[in-house]
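Sequences are here, hints too, so could you generate the full structure?
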Amino acid sequence: MPYEPILLARINKPNSGKLEGYRADGGYATFERALKELQPAQVTTQVKDSGLRGRGGAGFPTGLKWTFLPQNHPGPIYLCVNADESEPCTYNNRILMEKDPHQVIEGIMLSCYAIKSKCAYFYVRYEYGDSFRSMQSAVDELYAAKLLGKNILGSGFDLDIVVHRGAGAYICGEETGLIESLEGKRAWPRIKPPFPAVEGAFRKPTIVNNVETMACVTQIMKRGNEWFKSLGVPPDPKNPRDAGSYGPKLYTLAGHVEKPICVELPMGVTIRELVEKHGGGVWKGRKAKAVNPGGLSMGFVDVNAPLKGEDGKTEYDIPLDFNGPGRVQCLGLGTAAVTVIDDQTSMVDVLHNVCQFFSHESCGQCTPCREGTGWMLKIVDRLRRGQGRKEDLDILVDVADRIGIMPGTTICGLSDGAGWPVKTAIRKFRAEFEAAIKSGAKSQYARSLEVVGAH
Amino acid sequence: MPTVYVNDKPVEIGTQKLNCVQAAELAGQFVPHYCWHEALSVVASCRMCLVEVGDVNPKDGVLTMQPKVVPGCQTPVRDGTTIVTGDYEKRDASVPARPYDANYLKVGPPGTRAKKAQADTLEGLLINHPLDCPVCDKAGECKLQDFSFKYGRSESRMVDVKNTPANKPGLSSKITLFTDRCIMCTRCVRFTREISGTAELMVNGRGHHEEIDTFPGRPLENKLAGNVVDLCPVGALGSKDFLYKQRVWYLKESSGVCSGCSTGCSIHVDSNKDIVYRLRARTNPEAQGHFICDEGRYGYHFANSTERLQRPMAKADGALKPAPWNVVTPQLKQAFAKAATDNAKSVIGVLSPFLTVEEAFLFATYFKGLSADVRLVLGPVPVVGQDDKYPKDVKGNAVEPTKFVIRAEKCPNRRGVEAILKHFQGSVIPLASATTGITAAWFAGGYPDKAAVDVAGWKSPALLVVQDIFATPLSADATFVLPATTSFEKDGTYVNHAGLAQTFVRSVKPPTEIRTELQLAFDMLGRKGLVQAAAIRAELAKAVPFFAGLAAKELPTNGVRFELPTV
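First to last, the protein sequences are chains A and B. For the first sequence, the numbering used here begins at 154 and goes up steadily by one. For the second sequence, the numbering used here begins at 1087 and goes up steadily by one.
These are calculated hints, taken from the structure and not from any lab test. Treat the hints loosely; a few may be bogus.
[Unchecked claim] Here are the simulated DSSO-like pairs of lysine-lysine, each with C-alpha atoms no more than 30 Å apart in a straight line:
1) A:Lys437 to A:Lys391
2) A:Lys461 to A:Lys543
3) A:Lys357 to B:Lys1478
4) A:Lys338 to B:Lys1401
5) A:Lys345 to B:Lys1309
6) B:Lys1309 to B:Lys1326
7) A:Lys430 to A:Lys269
8) A:Lys357 to B:Lys1103
9) B:Lys1229 to A:Lys345
10) B:Lys1103 to A:Lys338
11) A:Lys543 to A:Lys391
12) A:Lys461 to B:Lys1407
13) B:Lys1309 to B:Lys1481
14) A:Lys576 to B:Lys1192
15) A:Lys345 to B:Lys1154
16) A:Lys345 to B:Lys1095
17) A:Lys412 to A:Lys430
18) A:Lys338 to B:Lys1359
19) B:Lys1229 to B:Lys1359
20) B:Lys1145 to B:Lys1095
21) A:Lys391 to A:Lys466
22) B:Lys1481 to A:Lys357
23) B:Lys1236 to B:Lys1192
24) A:Lys437 to A:Lys357
25) B:Lys1248 to A:Lys591
26) A:Lys576 to B:Lys1176
27) A:Lys345 to B:Lys1145
28) B:Lys1192 to B:Lys1176
29) A:Lys338 to B:Lys1475
30) B:Lys1236 to B:Lys1331
31) A:Lys357 to B:Lys1489
32) B:Lys1176 to B:Lys1202
33) A:Lys412 to A:Lys591
34) B:Lys1478 to A:Lys338
35) A:Lys461 to B:Lys1192
36) A:Lys543 to B:Lys1309
37) A:Lys166 to A:Lys430
38) B:Lys1338 to A:Lys391
Fair warning: this is a prediction, and the values are worked out from it, not measured in the lab.
Okay, here's the thing in structure tokens:
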């Protein structure tokens, strides 16, 4: 039986983005019920017990994050919703914001009620004009309907939602970068600790959650934990630290597929099923070579590499849950944005694109990331122009390995994400890179760099 | 007592709140750093101070090291913290090793990670840094040079074209920016935001195309701006005043005290062949902290001026004519002895607040030795405007807490000279109340600024000795004009506004025919032998109870406080 979407259930229904339409589908009833019947702590407990893990990329348990707020804090406490969806090929938040903003907002309202926040900031990236407008009009509708503002529905609960449009930088999606940007500063991620739950926006306790997480909160509070836990993958009994991958997930498909779409599926679908069944297979009848399981920063999956210990299966068959990509040396599930690269595309060109992105988006605060991403781009650009040297590959892997929070050399995770695609690409497709270096062929996409004075 | 282990060596930290860099320093282990500065906020972005750190679990006492590097500047230490730096292999091997866990030792002996990470950081910094050390002013005192030599790798793997952003000579009237040399430690940006509060500097651009810049039409112009040059660990920010004047390894560095205002900032005086080329802040928490103002920093040029009085002159036939010291000194002695015998009450000795306490003491001893009735007068005390406090807000109003003060009183030693005057005659007589009925006057000690010699209402007596650095209207009236020395040209002690006595040493020799005030007073007293400021200071400490604290042969570098701090 095909899976019936829940988060995307209202997409493309008439009036799906309007309050009226959302109300017709039973919208805000959950919020009203919570306001009347539940204590904030009960909401937190339910979200915690549901096993919901953040949909933004790192997969941190949402309810657990909420409990990190200081007890009995006099306030203000802030909720920041991270809608700075800048990971390449990722657009699952965008669909929610544009087509069903009220589902997200109800989640925000429930979350604010749970964490006793009276003000939520909705940080939407600059490039998402439509999302900004639909969110803003949804918030305006709610103020008009007195569902936002002071003393909502006579309950004594106040809530303001501010929709803030960013200025366009990938780093604003890092939670402390987002907070800095919200405060009107340069989005340079902060040193942690203190974590935002202790000291965040305007130096007050702050929770930063993803848009899709908010939509999940709405559905969890509406349908209950049993429904949520009936979907997805339970924790690995062999790994006591695994929190499981429950619930529905929005997967986006992009790259060389026939049908680039956003589909909602229970966690744990394999890449193969996602691409072949939901994406209509690789385009132009070609075969897949590499897949990016969850946004560029997660690294690459070699479609043809056999999976250890599982006969007949390849890396293509790994499940897309919070643990799956890690089994094939990828960084994690990330944003679950699957990008397919076909067998006629050169990995050198792919890597160049990747390096260009991260070098452009590195905030430039920490030396290893600032210089490392720039250096990797210069090397890959040279490879692409057919002037690579054998030792370049080792340098790339060395640089990719040494930048990031994992080796401890940077403040935020951007450079882990910048290094991962480079090292997975070179480790998994080394033969292709070596052949490219040996042939000295220039990529058809390569432009020569302008000549700058020698130094 | 809380104990921290640095490369196995235990060091007690007491109740201090320290980071790993500071704790390591306590243990005598230097951890290289660029972005971290004691007076500025911590950003932990240069990643040069990477160390390995572990803590002891208070429950079971087991030491667990983090299997990665952490920035030492932002990692606080507590009891039992174990710090391993990249220099671990150079540790004192006689100290027993800490019980490092096996998981931590997997990659190699302690310090392997930190050493590699520091070398990696340096490789990163040099990716876009031009190798133009031969033409760079910073060469020789450049932290990138020093650390690359000590912690870096000798070869570069970078073969691609470096970024070459355009230089910014228009950054400020006094400071230029060699953009390509910048390593983005952002010390300068934080300085203008946190210390001066004027916030002229910012970071522009992103990633490896980042640059330090000013906002359009708002150049870096504030009275503390020069400090960004001192703060810059590389040759990016250059002082236009010093640029291309000297290679730093030719400079002789000596510890001085700024004579620009009564704050009495500790400074480094950099000179070569008896010419002062540069003043820099010398960190002294007792005096001013880490910084100095631009007035002081660029205020040494008067010492190199060609307009200075070069030799003693005596009035003959209505005109001042050069006269050698061996002629002038006996004449002065004789003239003042006679004036004191005739009418001691009409003789005054005017002591400038630019004199050191040793000089003021010897002059006072000389004048009071002529007769107890000779009056000692405090020379003009220049005051310009109000105390200028920093940081400031956008409107230019001072913000608490105050981090730096440029004082209105533009002389270094009023407190010291006043203490001498009080000792010799019980009170301080200002010049304004001693302008009439004078038959003989001696103005001792010079003023760097001609305009500071403000003698309103003064009527020159028949016998007038004026000692000064420059010719002034007052010196035109004088019977004898004597050249004075600058604070760079003598040893001595100044007492600042808060009662902090700081001794300083001579950095350069005065021009050939100039004798120091101390030598002159020594000669007037008819003493024999070599004049030594330290000996006079010991004599002063014995004679004047106020200065008893100066008795020690070697005074602490931060000075001696006579009164409670009033900063």
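Hint check results:
| no. | hint | result |
| --- | --- | --- |
| 1 | A:Lys437 to A:Lys391 | violated, 42 Å |
| 2 | A:Lys461 to A:Lys543 | holds, 29 Å |
| 3 | A:Lys357 to B:Lys1478 | holds, 26 Å |
| 4 | A:Lys338 to B:Lys1401 | violated, 68 Å |
| 5 | A:Lys345 to B:Lys1309 | violated, 35 Å |
| 6 | B:Lys1309 to B:Lys1326 | holds, 15 Å |
| 7 | A:Lys430 to A:Lys269 | violated, 43 Å |
| 8 | A:Lys357 to B:Lys1103 | holds, 24 Å |
| 9 | B:Lys1229 to A:Lys345 | holds, 27 Å |
| 10 | B:Lys1103 to A:Lys338 | holds, 29 Å |
| 11 | A:Lys543 to A:Lys391 | violated, 41 Å |
| 12 | A:Lys461 to B:Lys1407 | violated, 102 Å |
| 13 | B:Lys1309 to B:Lys1481 | holds, 15 Å |
| 14 | A:Lys576 to B:Lys1192 | holds, 22 Å |
| 15 | A:Lys345 to B:Lys1154 | holds, 15 Å |
| 16 | A:Lys345 to B:Lys1095 | holds, 28 Å |
| 17 | A:Lys412 to A:Lys430 | holds, 10 Å |
| 18 | A:Lys338 to B:Lys1359 | violated, 49 Å |
| 19 | B:Lys1229 to B:Lys1359 | holds, 26 Å |
| 20 | B:Lys1145 to B:Lys1095 | holds, 23 Å |
| 21 | A:Lys391 to A:Lys466 | holds, 22 Å |
| 22 | B:Lys1481 to A:Lys357 | holds, 27 Å |
| 23 | B:Lys1236 to B:Lys1192 | holds, 26 Å |
| 24 | A:Lys437 to A:Lys357 | violated, 53 Å |
| 25 | B:Lys1248 to A:Lys591 | holds, 25 Å |
| 26 | A:Lys576 to B:Lys1176 | violated, 34 Å |
| 27 | A:Lys345 to B:Lys1145 | holds, 25 Å |
| 28 | B:Lys1192 to B:Lys1176 | holds, 20 Å |
| 29 | A:Lys338 to B:Lys1475 | holds, 26 Å |
| 30 | B:Lys1236 to B:Lys1331 | holds, 28 Å |
| 31 | A:Lys357 to B:Lys1489 | holds, 27 Å |
| 32 | B:Lys1176 to B:Lys1202 | holds, 15 Å |
| 33 | A:Lys412 to A:Lys591 | violated, 36 Å |
| 34 | B:Lys1478 to A:Lys338 | holds, 20 Å |
| 35 | A:Lys461 to B:Lys1192 | holds, 25 Å |
| 36 | A:Lys543 to B:Lys1309 | violated, 54 Å |
| 37 | A:Lys166 to A:Lys430 | holds, 24 Å |
| 38 | B:Lys1338 to A:Lys391 | violated, 68 Å |
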